[in-house]
Amino acid sequence: MTGGMQRSLDVLRRLLSHRGALISVIYLAVVVFVATFARWIIPYDPVVQDLTSTLEAPSAKHWFGTDELGRDLMARAVYGARTSLITAAGAVVIAGVVGIPIGLVAGFFGGWRDAILMRIVDVLLSLPGILFAMALIAVLGRSQLAALVAVGITGIPSFARITRAQVLSLRKRDFVMAVEALGGSSTYNMFRTVLPNSWSPLLVQVVILSSVAILLEAALAFLGVGIPPPTPSWGEMLRTGKSFLYEAPYYAVLPGIVLTLTILSLDTLGRTLAWVLEDRHELGEEAEAEAEKARP
Amino acid sequence: MTGYIIRRILQLLPVLLISSAGIWAMIYAVPGTPIGALVGENATPEQVQAAIQRVGLDQPMLVQFWAWLKSALVGDLGRSIFSRDPVFDLIMGRAPATLQLGLGATLVGLILGIPVAVLSALYPNSWLDRSLSGWSALALGVPTFWLGILLILLFSVELRWLPSASTYVSIFESPWGAIRNTFLPALTLGVYVSGIFARFLRASLLSEMKADYVRTARSKGLKERDVVGRHVFRNALLPFVTVVGLMMAAFIGGTVVTEAVFTYPGIGRLLIQAITQRDYPLIQGVILFILVVHVVINLMVDVLYAYIDPRIEYS
Amino acid sequence: MSEPVLSVRGLEVTFTGGGRPVPAVRGVDFDVYPNEVLGIVGESGSGKSVTSLAVTGLLPETAKVQGSIKLADVEVTTADREVLRQMRGQDVGMIFQDPTTTLNPVFTIGRQVTEGQVAHGQIPAGNARGRGIELLREVDIPDPTGRVVQYPHQFSGGMRQRAVIAMAMAGRPRLIIADEPTTALDVTVQAQVLSVLAKRQADTGAAVILITHDLGVIAEVAHRVAVMYGGRIVETGPVHEIFKRPQHPYTVGLLQSLPRIDAAEERLVPIRGQPPNPARLPTGCTFHPRCPIGRDRERCRTEDPALREVVEGHRSACHCVEEVAALLADTATPARAPATVAPQAAAAQAPLLAVDKLKVHFPIKAGILRRRVGWVRAVDGVSLTVNAGETVGLVGESGCGKTTTGRAIMGLIKATGGSVRFDGQEVTRLSPGELRKARRNMQYIFQDPYSSLNPIKTVGDIVAEPLHIHGIYEEMGGAKRIAELFELVGLPRTVLGRYPREFSGGQKQRIGIARALALQPRLLILDEPVAALDVSIQAQIINLLQDLQKELGLAYLFIAHDLSVVRHISDRVAVMYLGKIIEESEKTTLYETPVHPYTQSLLSAVPVPDPDARHTRRRIVLEGDIPNPSKPPPGCYFHPRCFRASDRCRVEEPAFTPYPGLPTRTACHHAGPLGASS
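Residue numbers (the numbering used here), protein chains in the order written: chain P, 1 to 296; chain X, 1001 to 1315; chain U, 2001 to 2678.
The shape of chain P in the complex, shown without the other chains (with noise of 0.2 angstroms):
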């Protein structure tokens, strides 16, 4: 559809015209590229160890400089990203295939549906997300599919409350009652009504919980139980940098500034993509027909 086209472009062009996200737009794109082409970028194997220089200073040959198995930092951080960028990817579809379509079905029907959905939905929120996570690799063990399980378990119940939000108080709205009044199924409804008018919080949700998803990720690791060694990631450079404060800060420091600066980009995205689309619907006569009641 051309219009729902000229939209999108409408809002990337408006998110885009925001210093703070258009900065935070190129900061992702370099990350996702360096991480996605890493093997022709990136000189070294981030798991190829040389023990004869090992802590070694950040240098013109290594930008990061060495652990402590003479590993080039930079090229563990940039697949560390992978590890990462793979993790909250999957991590926000397991929450949205399956949080969306509880929100939708519990705020859509309500009565009973809605009381069972939910309850499920409390489950998941009665623990911290990061001790859930922790509890459910306790079980399954140590690997990156746990991980991404597990972060995209804690997810669920953020896409079900905002879904569930969102479609009732689109209910209460008139048109629709009015699909309904037309002769539209509940399905037709649900689907071609009330889901296309979603999206906006959606999306917004989608990047806020990538950055909640890396940040997980990167704890579970930091912490030890998240994806095991050799594989890089960031939590556990962190981890192993936190040993080595006196002999080498710039180990756990550098690899700190890299996950910041993802987690700050993604954060400012969404919150400026929420601003950007809340402000959208407000133009036009209604906006205009507002200034008249001038409220201070």
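Hints in this document: simulated from the structure, not taken from any laboratory. Please note: incorrect hints may appear among the correct ones.
Said to hold, decoys possible - Mimicking BS3-like on lysine-lysine, the simulated pairs with C-alpha atoms at most 30 angstroms apart in a straight line are:
| id | chain 1 | residue 1 | chain 2 | residue 2 |
| --- | --- | --- | --- | --- |
| 1 | X | 1210 | P | 172 |
| 2 | U | 2437 | P | 172 |
| 3 | U | 2064 | P | 172 |
| 4 | U | 2357 | P | 172 |
| 5 | U | 2064 | X | 1210 |
As the list claims (entries may be wrong) - Reference listing, derived: stretches of chain U covered by chain P, where coverage requires no fewer than 3 residues with Cβ under 8 angstroms from a Cβ of chain P:
| id | segment |
| --- | --- |
| 6 | 2290-2299 |
| 7 | 2436-2447 |
All C-beta atoms in this analysis are idealised placements derived from N, C-alpha and C, irrespective of residue type, glycine included.
With chain P held as given, fit chains X and U onto it using these hints.
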């Protein structure tokens, strides 16, 4: 009021029951036999026998769960596979440390967060607001474990003012020692929540500033100080109380990471240690404990909210 | 006359927020004297509310104010914050529109009512409670001692607005500004609030500025009137002059587009086009694009007319003042042809829609097991019929169950009991699939045109949606049919690809009607279809509905709270109170000879846009508020507020029976016309 509290407790029961069933079922999901998971591979026959009797492993699942729940309710969570100490005692030994850290962090969060939010909301979209919002974003975006590392680098490695590894010293026994040991972890965690507090309170204040009753208050000729300080603040504080409560509940999770950074001997470290050692009774016990604390704090927040908001009727 | 309390000269307000500046007020002059009510009337965007905020210095910082506002020796435009603060509460009090949001939910009423006086040091804080009780008593709030410690949510809407009046008048200010004070209230409550406002104004001798869009309220309360359009006063004068001898084409247009409760049906004469957008004002006279006189005149297009005195005290801003009288004369008789012809033939056949003892009860659930603890009897035994080609009006105040009735007939809400027969087919017991098919013949129009159209679809797709849902898009003629529908409701086919947000409220309502007509229904259920629209646009939509009815032979069930609109459009009218129909009759009989005390009070409470009627009409001001439909009173639901209630009414519920000698059915033990004076 009492009726309201009882109703809220009864509403929480199903969630508590299902969650604890999940925790109980953990031992069936792990590789190996359930009894192995409960007492460890090299347990004595007596220990095996005691465990079988406690949870009745030969009984149907439901009966087993009931037996486990019954003993859990009276504080019998089994024994640690490694130390052989009762799980309950191990948890109680660590709880005060986590409590002290959590309260310290909340204090830091409030001290840093509230002024930031109020200043931002008073001058929305000014350079001050933008820089303070940037600070909140930074406080939220910097992972606590990395911030902890930076603080150790500064205060312990460079300045050598504070120990890099903290121990638990009760504030009642040695206030100075407690502050020396709790300051860095509480600051680390406090900076993070100050970001949440500031962002939430700012949004809450700004949306209340737009409310019609603010215009009414101004039209009565109230001083701007009273319009904001009484009318707006009182309304904005209601949801903020909930957030503070929820954060305190979430701290138990947040402290896991912070405790690991500073090797602080709280509940979180106990859990990590249990997970790395595959000490299932201890894992179960700690998670159950955290679950109960989490739910109880949430309940207290609800009750407090109902108490301070005149619109909620208890009947 | 004495010195004016307020003197405004050359007031201009420009909003400089996002992008280009928006002129909201463009050169306004007026004075208000003690003991006087100045009514300011205008449609949305006319600048009337901005003017009032400018007077109190409460505009946001993005507003640039120029000119002079002199209020009690204070020059508001240049005064510093502290002087303005001292002025508010002591010299000027304000009453705002929506009493649900203007009070702070977390403070007691007593505190809020007295807070201003305490802040100004007029009373010590220790006396606040006693003063609060006194103030509440002055605005007729029952049990003021008990009420003073309650919170806003424990007050009904009418009581809240009375508390706001008490608050505004607490410091005995010399000027009260009331901005749409009764717009959010029901008509019987509006009558209470207006009478309290009038009483307190007479007691204190304050000057009042009453801002409203409702010409009836103006005619009822104001002494002088200022009509605003496009950010300027276009006409001002004594209230009788304005209503009897308007001197501006816009005022004439407003009066002619207004359905009257006190007159027989005539076709409305709407003002063409839309009210101007403050950001894109027309050149010259801002009214010229909509003006029947100046539309094609060079002078009106280029030169903004000044406000000039026409007769003593009556001023108008029109280049062609001398032609306005003719405008009034030639539309008065011939152009206003009778609107609808009552359908006689249809009555003999079986009714198209027959609703019998319809009940919709919503369970009230409480406790941990969400057990049912009671019922809200939203609709409690409603019976009515609608014949083919006929319009039946269903009126009542908010919460009476009229909307629920409409939705239950559509099957959008499940009926608890009773039957709904459409064209002989029982619809309450249909399966969801069958119901969807049955809905093709019955369509629903929603109140709020802003929320009834899917914001992410083009309007062409919105109107086509029902055809796609029923899989008959091609069969019905596809794109050609959609274009036809747009033309039918008076929209050009060039707008098909646009989105709802690009349309004004009236245009959106036309799109909603086009969508409903797509399936060629025989009955339309219209739920407050014009309530959200400005008066001039309302008339356009009413005329459209009448034309469509004639052209397509549609039957209407017209649900509304506005008794004037209902009288104008309906053939028969049913009045609802607390889930029941209490009186139903042929239109003229119901309005001329109502027999139920509720109908009588309701009709007497409606403000009539005729200042002469102020003294001749007898007004019955109902006491109290509409009871909670989950705990209706025993016996007749209306007895606690009824002026004829007897012991019998307290115990025995009256049956809904024909009233002898009139084509009326009513549910009252003491039914009968009012005394000769009515």
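(request) Starting from residue 2064 (chain U), check that the Cα of residue 172 (chain P) is at most 30 angstroms away, please. (result) Between residue 2064 (chain U) and residue 172 (chain P) the Cα gap is close to 38 angstroms, so the pair fails against 30 angstroms, i.e. violated.
(request) Starting from residue 2357 (chain U), check that the Cα of residue 172 (chain P) is at most 30 angstroms away, please. (result) holds (27 angstroms)
(message) Tell me whether the statement that chain P covers the segment 2436-2447 of chain U is true, taking a Cβ distance below 8 angstroms and needing three residues at minimum.
(response) Answer holds; 8 residues pass the 8 angstroms Cβ test.
(message) residue 1210 (chain X) and residue 172 (chain P) were given as a pair; does the straight-line alpha-carbon distance stay at or below 30 angstroms?
(response) Distance of about 24 angstroms is within 30 angstroms: holds.
(message) Against the 30 angstroms threshold, does the CA-CA distance of residue 2064 (chain U) and residue 1210 (chain X) hold or violate the hint?
(response) holds (20 angstroms)
(request) Quickly compare the C-alpha distance for residue 2437 (chain U) and residue 172 (chain P) to 30 angstroms and report which way the hint goes. (result) The hint holds at about 24 angstroms.
(message) Is the listed coverage of the segment 2290-2299 of chain U by chain P valid when you require three or more residues with a beta carbon under 8 angstroms from a beta carbon of that chain?
(response) violated (count 0)
In summary, the numbered hints that this structure violates are 3 and 6.
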